[in-house]
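Enquirer: These are the residues of each chain, in order.
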Amino acid sequence: MPDLLGIELAHPVLNGSGTFDAIAARRAFGDALLEDFPFSAFVSKTITLAPRPGNPPPRLWETPAGMVNSIGLPNKGLERYLAEDLPELARLPVPLITNVMGSTAAEIGMLVEAVGARDEVSAIELNVSCPNVETGLDIGADPRELAAVLAQVRPRSAKPLIVKLTPNTADVAACARAAQEAGADAVSLINTLRAFAPHPDGSGRAWLGGGTGGLSGPAIRAVALAQVRAVAAAVEIPVVGMGGIQTGAHAAQFLEAGAALVAVGTETFRDPAAGARIARELAAFSAKSGEVAR
Amino acid sequence: MPDLLGIELAHPVLNGSGTFDAIAARRAFGDALLEDFPFSAFVSKTITLAPRPGNPPPRLWETPAGMVNSIGLPNKGLERYLAEDLPELARLPVPLITNVMGSTAAEIGMLVEAVGARDEVSAIELNVSCPNVETGLDIGADPRELAAVLAQVRPRSAKPLIVKLTPNTADVAACARAAQEAGADAVSLINTLRAFAPHPDGSGRAWLGGGTGGLSGPAIRAVALAQVRAVAAAVEIPVVGMGGIQTGAHAAQFLEAGAALVAVGTETFRDPAAGARIARELAAFSAKSGEVAR
Amino acid sequence: MSTAPFGRRALRVTGRRELGAYVVLQAADPAGPSPAPGQFYMLAAAERWGGGGDERPFLPRAFSVLRASSDGMLEFMLEDVGPGTERLAALAAGDGLWATGPLGRGFRDPQDGRRALLCGGGVGAAPLAILQDDLLARGLPAPALLGFRDAAHAEGAALLQNPRVATDDGSIGRQGLVTDLLAAELDADAHATVYACGPPPMLEAVRALCAARDVPVQLALESGMACGFGACFGCVVPLAEGGYARICVDGPVLDGTLLAQVPAH
Amino acid sequence: MSTAPFGRRALRVTGRRELGAYVVLQAADPAGPSPAPGQFYMLAAAERWGGGGDERPFLPRAFSVLRASSDGMLEFMLEDVGPGTERLAALAAGDGLWATGPLGRGFRDPQDGRRALLCGGGVGAAPLAILQDDLLARGLPAPALLGFRDAAHAEGAALLQNPRVATDDGSIGRQGLVTDLLAAELDADAHATVYACGPPPMLEAVRALCAARDVPVQLALESGMACGFGACFGCVVPLAEGGYARICVDGPVLDGTLLAQVPAH
Ligand SMILES: Cc1cc2nc3c(=O)[nH]c(=O)nc-3n(C[C@H](O)[C@H](O)[C@H](O)COP(=O)(O)OP(=O)(O)OC[C@H]3O[C@@H](n4cnc5c(N)ncnc54)[C@H](O)[C@@H]3O)c2cc1C
Ligand SMILES: Cc1cc2nc3c(=O)[nH]c(=O)nc-3n(C[C@H](O)[C@H](O)[C@H](O)COP(=O)(O)OP(=O)(O)OC[C@H]3O[C@@H](n4cnc5c(N)ncnc54)[C@H](O)[C@@H]3O)c2cc1C
Ligand SMILES: Cc1cc2nc3c(=O)[nH]c(=O)nc-3n(C[C@H](O)[C@H](O)[C@H](O)COP(=O)(O)O)c2cc1C
Ligand SMILES: Cc1cc2nc3c(=O)[nH]c(=O)nc-3n(C[C@H](O)[C@H](O)[C@H](O)COP(=O)(O)O)c2cc1C
Ligand code: FES
Ligand code: FES
Numbered sequence: 001m002p003d004l005l006g007i008e009l010a011h012p013v014l015n016g017s018g019t020f021d022a023i024a025a026r027r028a029f030g031d032a033l034l035e036d037f038p039f040s041a042f043v044s045k046t047i048t049l050a051p052r053p054g055n056p057p058p059r060l061w062e063t064p065a066g067m068v069n070s071i072g073l074p075n076k077g078l079e080r081y082l083a084e085d086l087p088e089l090a091r092l093p094v095p096l097i098t099n100v101m102g103s104t105a106a107e108i109g110m111l112v113e114a115v116g117a118r119d120e121v122s123a124i125e126l127n128v129s130c131p132n133v134e135t136g137l138d139i140g141a142d143p144r145e146l147a148a149v150l151a152q153v154r155p156r157s158a159k160p161l162i163v164k165l166t167p168n169t170a171d172v173a174a175c176a177r178a179a180q181e182a183g184a185d186a187v188s189l190i191n192t193l194r195a196f197a198p199h200p201d202g203s204g205r206a207w208l209g210g211g212t213g214g215l216s217g218p219a220i221r222a223v224a225l226a227q228v229r230a231v232a233a234a235v236e237i238p239v240v241g242m243g244g245i246q247t248g249a250h251a252a253q254f255l256e257a258g259a260a261l262v263a264v265g266t267e268t269f270r271d272p273a274a275g276a277r278i279a280r281e282l283a284a285f286s287a288k289s290g291e292v293a294r
Numbered sequence: 001m002p003d004l005l006g007i008e009l010a011h012p013v014l015n016g017s018g019t020f021d022a023i024a025a026r027r028a029f030g031d032a033l034l035e036d037f038p039f040s041a042f043v044s045k046t047i048t049l050a051p052r053p054g055n056p057p058p059r060l061w062e063t064p065a066g067m068v069n070s071i072g073l074p075n076k077g078l079e080r081y082l083a084e085d086l087p088e089l090a091r092l093p094v095p096l097i098t099n100v101m102g103s104t105a106a107e108i109g110m111l112v113e114a115v116g117a118r119d120e121v122s123a124i125e126l127n128v129s130c131p132n133v134e135t136g137l138d139i140g141a142d143p144r145e146l147a148a149v150l151a152q153v154r155p156r157s158a159k160p161l162i163v164k165l166t167p168n169t170a171d172v173a174a175c176a177r178a179a180q181e182a183g184a185d186a187v188s189l190i191n192t193l194r195a196f197a198p199h200p201d202g203s204g205r206a207w208l209g210g211g212t213g214g215l216s217g218p219a220i221r222a223v224a225l226a227q228v229r230a231v232a233a234a235v236e237i238p239v240v241g242m243g244g245i246q247t248g249a250h251a252a253q254f255l256e257a258g259a260a261l262v263a264v265g266t267e268t269f270r271d272p273a274a275g276a277r278i279a280r281e282l283a284a285f286s287a288k289s290g291e292v293a294r
Numbered sequence: 001m002s003t004a005p006f007g008r009r010a011l012r013v014t015g016r017r018e019l020g021a022y023v024v025l026q027a028a029d030p031a032g033p034s035p036a037p038g039q040f041y042m043l044a045a046a047e048r049w050g051g052g053g054d055e056r057p058f059l060p061r062a063f064s065v066l067r068a069s070s071d072g073m074l075e076f077m078l079e080d081v082g083p084g085t086e087r088l089a090a091l092a093a094g095d096g097l098w099a100t101g102p103l104g105r106g107f108r109d110p111q112d113g114r115r116a117l118l119c120g121g122g123v124g125a126a127p128l129a130i131l132q133d134d135l136l137a138r139g140l141p142a143p144a145l146l147g148f149r150d151a152a153h154a155e156g157a158a159l160l161q162n163p164r165v166a167t168d169d170g171s172i173g174r175q176g177l178v179t180d181l182l183a184a185e186l187d188a189d190a191h192a193t194v195y196a197c198g199p200p201p202m203l204e205a206v207r208a209l210c211a212a213r214d215v216p217v218q219l220a221l222e223s224g225m226a227c228g229f230g231a232c233f234g235c236v237v238p239l240a241e242g243g244y245a246r247i248c249v250d251g252p253v254l255d256g257t258l259l260a261q262v263p264a265h
Numbered sequence: 001m002s003t004a005p006f007g008r009r010a011l012r013v014t015g016r017r018e019l020g021a022y023v024v025l026q027a028a029d030p031a032g033p034s035p036a037p038g039q040f041y042m043l044a045a046a047e048r049w050g051g052g053g054d055e056r057p058f059l060p061r062a063f064s065v066l067r068a069s070s071d072g073m074l075e076f077m078l079e080d081v082g083p084g085t086e087r088l089a090a091l092a093a094g095d096g097l098w099a100t101g102p103l104g105r106g107f108r109d110p111q112d113g114r115r116a117l118l119c120g121g122g123v124g125a126a127p128l129a130i131l132q133d134d135l136l137a138r139g140l141p142a143p144a145l146l147g148f149r150d151a152a153h154a155e156g157a158a159l160l161q162n163p164r165v166a167t168d169d170g171s172i173g174r175q176g177l178v179t180d181l182l183a184a185e186l187d188a189d190a191h192a193t194v195y196a197c198g199p200p201p202m203l204e205a206v207r208a209l210c211a212a213r214d215v216p217v218q219l220a221l222e223s224g225m226a227c228g229f230g231a232c233f234g235c236v237v238p239l240a241e242g243g244y245a246r247i248c249v250d251g252p253v254l255d256g257t258l259l260a261q262v263p264a265h
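Chains as they are written, first to last, in the numbering used here: chain X, 1 to 294; chain G, 1 to 294; chain H, 1 to 265; chain C, 1 to 265.
Hints are computed from structural coordinates only; laboratory data are not their basis. Don't take each hint at face value.
[Unchecked claim] Derived lysine to any residue pairs resembling SDA-like cross-links, with alpha carbons at most 25 Å apart: (1) X:K288 - G:A206; (2) X:K288 - G:S203; (3) G:K76 - G:L49; (4) X:K159 - X:V235; (5) X:K288 - C:G82; (6) X:K288 - C:G53; (7) G:K288 - H:G53; (8) G:K76 - C:L258; (9) G:K288 - X:K159; (10) X:K159 - X:T104; (11) G:K76 - G:L34.
Make the full structure from the sequences, and use the hints.
Expert: Written out as structure tokens, the structure is:
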């Protein structure tokens with residue numbers, strides 16, 4: 001029975017933040033969703049302090065074996081998330097992980113404290129792929145900056161804190177080490193790779209309303225495996241691995257690379273029950289290869 | 001008529017270094033190769049001071065819409081390259097660009113000086129995706145380190161110097177700016193993304209004899225377009241754009257993104273004459289969209 | 001509205017026929033509930049979904065249900081506009097088809113005694129066919145106005161019962177836009193609810209035209225989709241009141257009053 | 001050896017037949033030169049090369065020419081071991097096929113009056129068929145020893161003229177390894193040049209066995225390839241003298257003496 005920081009999980013497959021809306025899925029699929037909920041824990045979309053409408057459309061671009069998205073983190077904002085969504089999400093048959101993001105340590109601190117205070121929440125995932133207002137680079141791209149932010153944020157909640165690293169950096173292992181030293185209980189990766197979608201009219205202007213976007217799906221799996229291996233070799237805390245996972249065999253590759261758990265994002269768009277299928281395939285695969293999924 | 005730093009070119013399509021061996025191709029295809037040579041200039045594989053056998057096989061891994069390679073820069077070494085290959089390459093109907101790499105500024109300086117001294121060579125491309133012996137990161141991943149190396153290297157030849165940036169960094173635009181300030185005449189990107197190929201036996205060990213490798217092909221095109229745009233917006237010197245180009249339409253996307261020229265790598269493995277096809281498609285495409293390839 | 005079974009199902013293609021510029025694909029869906037008019041399915045070929053133009057398709061594609069029979073036969077109307085529709089239009093009887101659905105909120109009945117007026121452009125005729133079936137089956141009149149590019153596309157009109165047709169080139173029916181037909185109809189009698197589906201410019205014209213006459217209109221919208229069930233937040237349209245709606249879960253059928261304008265894509 | 005026209009050509013598949021566990025694909029290559037025994041082609045389906053297992057194939061695949069007729073018909077023998085061979089084995093007459101070739105250096109004639117002795121394992125029979133055709137056509141004897149897994153695979157033996165066959169399970173021919181047959185042959189008369197193609201362990205056994213007897217052996221090697229014409233440096237085998245050889249340009253046929261050992265992949 002795998003677990004995450006003491007939280008018992010039915011299997012090692014989570015959803016990637018922002019790739020599954022359990023409330024909307026309930027509307028589309030009814031109670032069948034709850035009967036065979038595909039993930040062993042539910043990770044919320046990134047929640048910010050203030051509500052965000054998200055980016056103007058188009059928000060999607062299909063690429064070879066992948067996609068570029070520029071969704072822009074639409075969400076109700078902390079207050080309405082806590083008031084409206086948490087009670088609904090609490091009815092899910094699995095533990096809840098809330099993903100948060102802020103552009104300053106103060107903002108993030110408030111989010112972590114408010115979310116951590118709620119019993120419905122088992123763990124907090126911090127998305128550090130947020131552009132620093134001065135440099136424009138992701139907060140999580142620089143180990144020192146990341147450590148500084150975490151130093152202020154970590155004390156604001158006793159709940160397990162998972163830092164979702166940014167892959168858009170020269171040395172993701174150094175960032176993971178910095179997160180561990182600053183008190184992160186786990187790290188998750190990879191988030192999407194910075195990417196651009198050209199307009200099909202050939203004009204060269206951006207297709208996506210948000211300008212640039214992030215690449216996900218099988219196209220990035222080999223990059224994700226390299227980063228997960230580098231990180232798992234650099235830290236003692238558990239690693240949640242993701243990036244292009246489509247099958248149990250792929251999930252096994254991430255576990256072999258040193259991940260304790262895996263998450264599935266884009267494949268869920270192609271196969272809504274992918275999480276459950278991958279967990280089944282992984283169990284069969286692990287049994288066959290005589291090795292137990294950690 | 002496009003040109004690179006004053007070198008007139010028949011069209012804007014070059015080969016990516018290490019993805020076309022003109023001497024071997026001549027053996028495979030005979031003189032037909034010279035009659036319709038697919039690239040407007042020939043970029044050599046990376047040459048190092050000492051000969052390198054390259055990595056043990058397997059060296060290739062096919063991925064969704066791409067491939068991971070761990071070739072390990074096999075080459076004859078500077079001396080034999082100058083003595084044996086240059087005279088043969090000089091018979092090609094196009095200008096010659098020699099790509100070099102070294103692990104110290106001293107080493108690179110010797111390479112640049114020796115290669116630059118040869119009349120057969122029109123320009124030098126410097127591959128800075130070479131791990132720094134201490135940090136293990138690419139020399140080109142840190143703007144300051146890159147500038148320091150170039151400061152010592154640049155004066156060693158009057159020939160045009162193209163710096164081939166590494167994409168495995170947080171801020172490729174900053175690296176490009178550093179290269180420009182240190183006297184680079186042009187920059188080229190993207191090189192392969194650091195990636196891992198798992199063994200098909202499911203054991204999790206590395207499939208590639210060299211351990212990790214680099215991802216190329218259509219899978220990385222959206223990432224390449226984002227980096228080329230960021231770099232072209234940050235520097236005045238010409239940019240050679242590459243990464244997953246398969247068609248004239250793709251090439252146009254890179255030119256629109258601000259590249260002066262493009263290079264084709266992986267697609268040449270699927271279609272040996274891809275360079276010529278892409279140049280034709282680009283001309284037709286540019287004519288149609290009423291815009292001239294820069 | 002019916003909710004979809006959770007997850008994608010492997011269907012078998014049972015038939016394929018060409019209808020001028022369109023392909024009608026038939027598939028057996030014994031396990032699925034019967035869809036409501038205006039609902040859609042996310043479809044993908046079970047084999048070799050990929051390796052087409054630009055190494056695509058990768059994601060499934062959304063298709064309105066054209067018709068559904070009580071014995072679980074589904075029909076879809078396809079127009080080949082890119083790698084996904086090209087691959088699906090190439091499927092033959094016996095081929096496997098991944099399907100998730102029925103999804104989304106379809107058409108609502110006309111209110112306060114208004115008559116239904118169906119208005120479609122091109123492949124937008126698809127959801128109007130099942131809507132017309134449904135209305136007629138309940139003894140309600142369901143006149144249809146359809147616009148097409150040319151004669152080849154106008155063959156799609158055969159999917160509905162005695163529609164009035166307009167073509168851009170006048171090769172069939174009246175020359176002009178389907179919105180001309182609609183305007184005439186509404187000028188004669190505005191006590192109607194308009195059900196519209198078609199290309200964005202046509203839908204926007206219909207919306208504006210109905211708004212000007214205070215005629216309720218239900219717009220079956222399209223947009224690029226990755227998932228079809230609210231997971232990706234990619235399929236949004238801007239709302240008049242501000243903010244965005246996901247057309248896969250809040251639509252694809254939206255009341256015209258919700259939009260300031262039908263977006264170009 | 002013939003050199004290939006520069007670039008890939010669009011061929012048409014003219015025939016497909018199943019031969020036990022194998023598929024023999026025939027394609028018309030009017031523009032291409034006739035290949036020499038042991039040369040190979042890089043092949044890819046013209047449509048939907050991709051979207052198979054793990055979203056592959058992407059790169060072309062290497063195949064020895066099985067037979068070539070004077071009128072430009074090429075034959076290839078395929079064993080379905082993954083997404084690329086699966087896709088190619090599914091092609092039918094009329095389908096498009098991208099081909100680059102003939103590539104590489106094939107078999108060399110036997111020297112100083114030695115007789116040719118052909119030794120193949122599984123799909124490794126393919127290059128030996130065209131080699132046997134060529135030797136027999138020149139009045140040279142070309143006895144063949146072939147090893148297969150089982151009866152279904154042993155049907156591949158029909159591609160050569162009166163071969164002696166061994167199967168792992170003894171279902172056809174003699175039970176055991178083809179190398180047992182080879183050892184017996186060489187013990188009877190070692191004045192031969194061995195031409196071998198097959199899975200790495202079998203090739204290594206053949207190499208060792210010939211080395212021990214000072215019998216010249218030409219090994220048709222395999223390895224993962226991206227390009228097939230020396231561009232990627234991916235297809236190397238380690239040489240006895242140190243360093244590596246690209247089997248696409250220096251091979252695929254190498255003298256056994258060049259290798260300390262045939263690599264596992
Ligand atoms: C609810 C709904 C119902 C629909 N019903 C039907 C129906 O009944 N019949 C029918 O034929 N169609 C229907 N459609 C439209 C159908 O889904 C699209 O035509 C289909 O997805 C196109 O896929 P494609 O690969 O063939 O073309 P694409 O290549 O996806 O091109 C389609 C459009 O997408 C854009 N585009 C181009 N390249 C890309 C890219 N790389 N990534 C993202 N976008 C790109 C362009 O604007 C292009 O015009 C419906 C759509 C929705 C949302
Ligand atoms: C010169 C030459 C001649 C040949 N002649 C023939 C012939 O006549 N007939 C014939 O049937 N075959 C022949 N082959 C072998 C044939 O090329 C391979 O079987 C084929 O490339 C397999 O492709 P696939 O996609 O079907 O299988 P793959 O999935 O490519 O698997 C084949 C092998 O590649 C490895 N592999 C698995 N996954 C990957 C991956 N993602 N990337 C890289 N490697 C991977 C594994 O070791 C696996 O066993 C020849 C090969 C060479 C080099
Ligand atoms: C449409 C979409 C929306 C996403 N939204 C978020 C988000 O809100 N927060 C976050 O941390 N990651 C987000 N991600 C990243 C995914 O959680 C995941 O890290 C990434 O997609 C790689 O996994 P995949 O290849 O399986 O999709 C999003 C990804 C996609 C495709
Ligand atoms: C097999 C292979 C070998 C390569 N060797 C080199 C090299 O020696 N030097 C170099 O600077 N780049 C090398 N590259 C990188 C390419 O030049 C190019 O930057 C990269 O592959 C992206 O382009 P593509 O997607 O069109 O292949 C190599 C790439 C491949 C696939
Ligand atoms: S298509 Fe994914 S949210 Fe609507
Ligand atoms: S296959 Fe590319 S060098 Fe041999």
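Enquirer: Now look at each hint and say whether the structure bears it out.
Expert: Comparing the hints with the structure gives:
1. X:K288 - G:A206: holds (20 Å)
2. X:K288 - G:S203: Holds. X:K288 to G:S203 sits at ~12 Å (cutoff 25 Å).
3. G:K76 - G:L49: Holds, at roughly 9 Å.
4. X:K159 - X:V235: holds (20 Å)
5. X:K288 - C:G82: Holds. X:K288 to C:G82 sits at ~20 Å (cutoff 25 Å).
6. X:K288 - C:G53: holds (20 Å)
7. G:K288 - H:G53: Between G:K288 and H:G53 the Cα gap is close to 20 Å, so the pair holds against 25 Å.
8. G:K76 - C:L258: The hint holds at about 20 Å.
9. G:K288 - X:K159: Violated, because 59 Å separates the two Cα atoms, which is more than 25 Å.
10. X:K159 - X:T104: OK: X:K159 and X:T104 at ~20 Å, within 25 Å.
11. G:K76 - G:L34: holds (23 Å)
Hint 9 from the list above is the single one not met by this structure.
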